[in-house]
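Peer 1: Read off the chains here:
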Amino acid sequence: MMVGSFFQRRLSKRLKNMKNNYIELNKSTWCPGCSNFNIQAALVSAFSELKLKSHEIAMFYDIGCAGNACNLYKTYGFHGLHGRVIPLAAGAKLVNDKLTTVCLAGDGGAYGEGIGHLIEASRNNFNITLIVSNNRLYSLTAGQASPTSKKGTKTKSTPYGVNKNALNPLLIALSADASFVARGYAYEIKHLSEIFKQAIKHNGFSLIDVIQPCITLDKKNTKEWYDKKIYKLDKNWPNKDKNKALIKVQEWDECIPIGIFFQEE
Amino acid sequence: MKLEEKITWRIGGESGQGQQLAGLTLGRTCLASGLFCFVSSKFASRLRGGLAINQVSISNKPVKAISKQIDISFALSQLALESCQKDMSDNSLIFYDVNRVKKIVKNTDKIRYIPLPLSELVNKANLDSSVYNFLILGISAFLFNLDISLLKKEIQNGLNGNGLVKKNKEAAEIGWEYAKELKINRFSYKTNTKLNKKIILTGNEAVAKGVIIANCKFYSSYPMTPSSSILHILAKLAKGSKIIVNHPEDEIAAINMAIGASWAGARSMVGTSGGGFALMTEGLGLAAMSETPLVVIESQRPGPATGMATWTEQGDLQYLAKTGHGDFHRIILAPADVEESFYFTILAFDLADIYQIPVFILLDKYVSESHQVISEFKLNNIKINRGKLLTNSQLAKIKDYKRYSLTKDGVSPRSLPGQKNGIFLANGNEHNQYGFSIDGFKKSDREEQMQKRQMKIKDILKDLPKPVLFGPNNANLTLIGWGSTKGIILESLKTLNQNSNRVNYIHIPAPFPLDAKALSGLLNNAKKIVVVENNYIGQMADLMQETLGQKFEHRLNKYDGRQFFPEEIIQKIKKYEK
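Sequences listed follow chains A and B, in order. Count along the first sequence from 1, add 2, and you get the number used in my numbering. Count along the second sequence from 1, add 548, and you get the number used in my numbering.
With the rest of the complex left out, here is chain A (with noise of 0.2 Å):
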């Protein structure tokens, strides 16, 4: 079932007459059915509803299959280097602040080879905004161990389960003071979006972690099981309060929340 491209020929049809078109029709590597289809729903509607101009946007891909979203958008892009994404489009704002500033990047990148510019980019309140398609593994290089897979996770390079502990980015991001902090889930398309929307206005560097199962090689973390655990706040949930996000952030095991943790004002 070729979910995914049907995802994209229905979202071009009807985007085609829209007057900015942010959609490049681009044969993509994702998987038939793969969540990222959905994460550029939710972009591309976000897009949409600010009514960004195409030519006004630069989107920044890391390496990997988030990152290989660049040629499915018809903006201005840089598809740089692994884990680098966060100063590449750093550097771009800070010369042209006009630029509406979006990175596309996995869970490797975001969290692995790039934490260091993850930690600078919150403590710079850089204006640009970062989408992490967190699937807790490598999945393009065929399934390694993330930063994010759970201890004990069996994967091609831990065979006997992985031997360190997960690390809670939303956590380490909150603790560097990023001023914009938030989880969205792959299947909670309009959710997503809404937080997309916040996030581009939101004036500062803006985390968005993105639960994205990997349909091709989790067979555990799956959409059913993620549908399992996933809540998303409450309307009124204090997102001011700093303290109480650090708590929020850090619930995982029984149920997982999604939504605005922190917006700084």
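Be aware that a few hints might be false.
[To be verified] Interface residues of chain B toward chain A, partial, derived using beta-carbon atoms under 8 Å:
| # | residue |
| --- | --- |
| 1 | Glu797 |
| 2 | Ile807 |
| 3 | Ala809 |
| 4 | Leu834 |
| 5 | Ile971 |
| 6 | Leu973 |
| 7 | Ala974 |
Because the hints were derived from the structure by calculation, they are not lab data. The beta carbon of each residue, even a glycine, is placed where N, CA and C say it ideally should be.
Using the hints provided, position chain B relative to the given structure of chain A.
Peer 2: Here is chain B on its own, set in the frame of chain A:
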């Protein structure tokens, strides 16, 4: 004594005693007096203790290098005294701190030793040891026949109105009066005040000036000696010159930020030394693959690894010429002195923009941190060339814009983010003419793009500064060098060719890519060639062998962390003349 040729002054002591400030203040006072000079520092990577030296060569003619032979030396410690004795000229003077220098072993009677009761002199005036350096400047100003009021003015300027000005001026006066009583003949000289306006500055300061004039708008650098002062200067100038100056988390971020900034339209540069550049290598490839203009300042110090942080070497040429995976072009410009540091910086930005490739400015500690008196820069003829940048109206006429279109010269017209109708993907992955790295990539796309990028070489070679021959056309011996050895060799030629035309010199201002045709044209006449380099292996000699297919067996190398001295060149090439 007559200052007909050149006088070399030295102050030595422990780190923290202000030798560098003293040397620079002396240099500035010379400039104010219409003299030329070359100020060179040598110190360990520490804030206190050790041995820190500043040496100044002064003349009424332009000085291109620091001399080894010292005429007047001030020793503030035992080590400072012992380390200068062997380099003293005939009829030279060593002043020494009577409290710190306990023992003098005299090997020659050509040196006059003069005890300096520094602590006694400053105590009398209720001053302390922090003013020793300026007291010494007072003595020096007297001996060099400089106007004490000029010295005091430079003390004021150098300390920038800070509270220490008063006591340091006082110290200079004490030194001046003390020197009077010593009854030593003062130097006499004539200066030509009609000459063009002159300035004193370091290679790094000249680079920073070039950066501003070239209209560079983004500089990111992780501090690393000897490049750091460029960061410091630009950081101060950032607000006034509207340049973004950034000290990021590491060199990797530095180069990626600069590439992003360049892509967004700003002329961008990173600055580092060899060790820092090692972290930037991947970024270099990204600039090359995405054809994003980038200027890299690399100021060399001896490696590998941390090497010798505060010393000098020319050891990174082969590294910069070859580093990075895959085949791609880069340009290396090697400024030889302060003047070239300025003009080559401006040229580097033009070349990066015109060819959309990375361009290196390869300096070393000796050029980066030595002060030189030079004529003021000529700004009239400087025109900035940003290469094939598309305007909005040009873009409006293009139906199907391809950022990586195939052109005759390999350079494709570039749009900038924010421009209508110019949307494209810059890509570190191999891509088609639009920049896309789509699945099922065509073999022909790879070949076309590779050939397109490689094709630029023809025009690049035309645009690079050509090798230059100095000295007589016909000589028994031809020296070849690049970068900072130029001034040193030219100084040595003055002596070598005093009576006969023995030696000439070929200087290579752009070491990579080497222009084989231009170089072999100059080499045709050469009888015997010696390649002079501040490294162990002879990196330029190897590079020339590779490019010209000719052997360069005679190599004069120095790799002890110091630059050559003209006296050494004169001495060491003797064996090749036989």
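Peer 1: None of the hints should be skipped; say for each whether it holds.
Peer 2: Cross-check of the supplied hints:
no. : hint   : verdict
1   : Glu797 : 4 Å, holds
2   : Ile807 : 6 Å, holds
3   : Ala809 : 4 Å, holds
4   : Leu834 : 5 Å, holds
5   : Ile971 : 6 Å, holds
6   : Leu973 : 4 Å, holds
7   : Ala974 : 4 Å, holds
The structure is consistent with each of the numbered hints, conforming to all of them.
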